[in-house]
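Undergrad: Each residue of the sequence shown is one higher than the one before, counting from -4 in my numbering.
To be clear, the hints were calculated from the coordinates, so they are not data collected in a lab.
Accuracy of the hints is not assured; some may be wrong.
Said to hold, decoys possible - List of simulated lysine to aspartate or glutamate pairs, DMTMM-like, C-alpha gap at most 20 Å:
#, residue 1, residue 2
1, Lys6, Glu132
2, Lys6, Glu129
3, Lys6, Asp33
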Amino acid sequence: MSHFTLSLPLKDADATVRLGAVLAGLARAGDVLALWGDLGAGKSTLARGAVRALTRPDEDVPSPTFTLVQTYEPSDPERPPIWHFDLYRLDDPEDALALAIDDAFADAFSLIEWPERLGTWLPARRLDIRLTPEGNERLAALEFGDDWARRLMPAFTDFF
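Assemble the whole structure, with the sequences as input and the hints as a guide.
TA: In structure tokens:
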């Protein structure tokens, strides 16, 4: 399997939301977006853009910091359900099983903030998004394999 990296400058929060929406439009059942970055890096903003792209523009999308997971039904019944995890408060990777995370990995589109908390439970087949502040902007570094490459490359010709 090949491994690819794509770096995207994000000029503001709107660009981060837009990136989330583009990625959500490409998502399939079983897809995992692992959102890496420090506090305030834009993980929840990107997740909000993804969820709203698949539900409705005014969908309430709180960060699931205390609930650990929020689920959403897409407006298109042909799309998979969306599971948004915030694992910042997860102490043990095995605790994620109580959240039915394995079900999400099988049948849903999963957005995971603080994916490092999953340890070996983090699926190998995923799209990693590393968000890093750079001055007043952010840099999104996407890391992915062949499956995502086939979907991402055509989509990003329209992104810029």
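Undergrad: Hint by hint, note whether the structure agrees.
TA: Each hint, compared with the structure:
1. Of the pairs offered as hints, the one joining Lys6 and Glu132 holds, with about 5 Å between alpha carbons and a cut-off of 20 Å not exceeded.
2. Proximity of Lys6 to Glu129 is assessed by CA-CA distance (about 10 Å); at most 20 Å being required, the pair is judged to hold.
3. Proximity of Lys6 to Asp33 is assessed by CA-CA distance (about 18 Å); at most 20 Å being required, the pair is judged to hold.
Checked against the numbered hints listed earlier, the structure breaks none of them; every hint is satisfied.
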